[in-house]
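A.B. asks: First residue of the first sequence? That's 1 in my numbering, and the numbers climb one at a time after it.
What the hints contain is simulated information worked out from the structure, not anything from laboratory work. It cannot be assumed that every hint is accurate.
With a Cα cut of at most 25 Å, we get these calculated PhoX-like pairs of lysine-lysine [as the list claims (entries may be wrong)]:
#1 Lys36 to Lys70
#2 Lys70 to Lys239
#3 Lys60 to Lys246
#4 Lys12 to Lys70
#5 Lys246 to Lys101
#6 Lys12 to Lys36
#7 Lys36 to Lys60
#8 Lys119 to Lys2
#9 Lys36 to Lys119
#10 Lys101 to Lys70
#11 Lys70 to Lys119
#12 Lys101 to Lys239
#13 Lys213 to Lys36
#14 Lys119 to Lys60
#15 Lys12 to Lys60
#16 Lys213 to Lys2
#17 Lys2 to Lys60
#18 Lys119 to Lys101
#19 Lys60 to Lys213
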Amino acid sequence: MKIATFNINGIKARAEALPAWLDEAAPDVVFLQEIKSVDEGFPRELFETRGYQVETHGQKGFNGVAILSKLPLSGVTRGLPGDETDEQARWIEATVTGQRKVRLCGLYLPNGNPAPGPKYDYKLAWMARMRDRAAALLQGEVPVVMAGDYNIIPQAEDAARPEAWREDALFLPESRAAYRRILNLGFTEAIRTRDPRPGVYTFWDYQAGAWEKNNGIRIDHLLLSPQAADLLQGTGIDKDARGREKPSDHVPAWIDLAT
DNA sequence: ATGGCTATATGTTATAGA
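Please construct the entire structure, taking both the sequences and the accompanying hints into account.
C.D. replies: Here it is in structure tokens:
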């Protein structure tokens with residue numbers, strides 16, 4: 001089962017590039033972030049005609065996540081538990097049934113800039129809620145995959161110019177510690193496990209020729225519960241997507257699970 | 001480098017992203 005995550009930076013803007021990548025990469029499951037669309041405005045037919053079930057959790061203008069799946073999804077829930085007042089669409093869960101069941105969590109973690117400030121407080125509070133949810137999911141028997149745009153640069157080797165990120169919410173020690181607290185529950189980050197080299201990036205800014213200079217960062221991650229990690233067969237990052245017509249500033253990252 | 005570009009809605013400018 002090939003499972004990918006892709007921050008598309010707007011579904012309307014990616015109405016050509018996203019289907020083109022889907023047809024080439026042929027993932028079974030895709031987590032999308034920053035659909036920047038309400039549910040009613042999401043072009044489901046683009047994906048349903050390709051055999052995908054479409055589950056969205058959108059909002060107007062910003063944020064928004066979705067799951068596309070060629071295998072049946074059930075038990076879909078929308079929103080990260082733990083704060084009834086949180087209206088930002090950043091979390092969606094579903095259970096996919098192939099040869100076995102896997103619980104899927106798609107996430108768009110808050111950016112948090114500027115730090116310090118209320119946006120950074122929201123980021124850290126969100127991560128504490130995510131940790132609680134992750135711990136609860138580990139209590140079950142079903143393998144768990146939590147994938148998406150974490151907006152966390154875990155280590156200095158994950159940025160071409162780490163010094164430029166020292167004061168940034170994506171790289172502040174407190175942000176990275178919060179990410180490690182989630183990992184330390186027992187999750188494995190799939191991409192690094194299979195390819196431990198430094199300089200593996202998933203995002204290149206639109207500005208200042210970042211792509212041409214390979215001035216990238218790694219902020220999209222796929223976390224696996226122990227049961228899911230046992231099924232890991234392969235990983236990849238579709239870096240070529242960044243060099244195409246009208247690209248997102250992120251590229252897809254994916255895993256292959258033996259299910 | 002003082003965010004240099006991109007996307008969306010609030011729309012000929014503001015807000016957000018990372």
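A.B. asks: None of the hints should be skipped; say for each whether it holds.
C.D. replies: Hints, one by one, checked against the model:
1. Lys36 to Lys70: Holds, at about 23 Å.
2. Lys70 to Lys239: holds, 23 Å
3. Lys60 to Lys246: holds, 22 Å
4. Lys12 to Lys70: holds, 22 Å
5. Lys246 to Lys101: This hinted pair is violated, its Cα atoms lying about 36 Å apart.
6. Lys12 to Lys36: Holds, at about 8 Å.
7. Lys36 to Lys60: Holds, because 6 Å separates the two Cα atoms, which is no more than 25 Å.
8. Lys119 to Lys2: Status violated; Cα separation ~34 Å.
9. Lys36 to Lys119: Holds. Lys36 to Lys119 sits at ~19 Å (cutoff 25 Å).
10. Lys101 to Lys70: Since the Cα atoms of Lys101 and Lys70 sit roughly 14 Å apart, the hinted pair holds (cutoff 25 Å).
11. Lys70 to Lys119: Outside the cut-off at roughly 36 Å; violated.
12. Lys101 to Lys239: Violated, at roughly 29 Å.
13. Lys213 to Lys36: At roughly 28 Å apart (the allowed maximum being 25 Å), Lys36 and Lys213 break the hint.
14. Lys119 to Lys60: holds, 19 Å
15. Lys12 to Lys60: Answer holds: Lys12 to Lys60 is near 13 Å, not above 25 Å.
16. Lys213 to Lys2: Roughly 30 Å separates the two Cα atoms, so the pair is violated.
17. Lys2 to Lys60: violated, 30 Å
18. Lys119 to Lys101: Outside the cut-off at roughly 36 Å; violated.
19. Lys60 to Lys213: Distance ~34 Å between Lys60 and Lys213 Cα, so the pair is violated.
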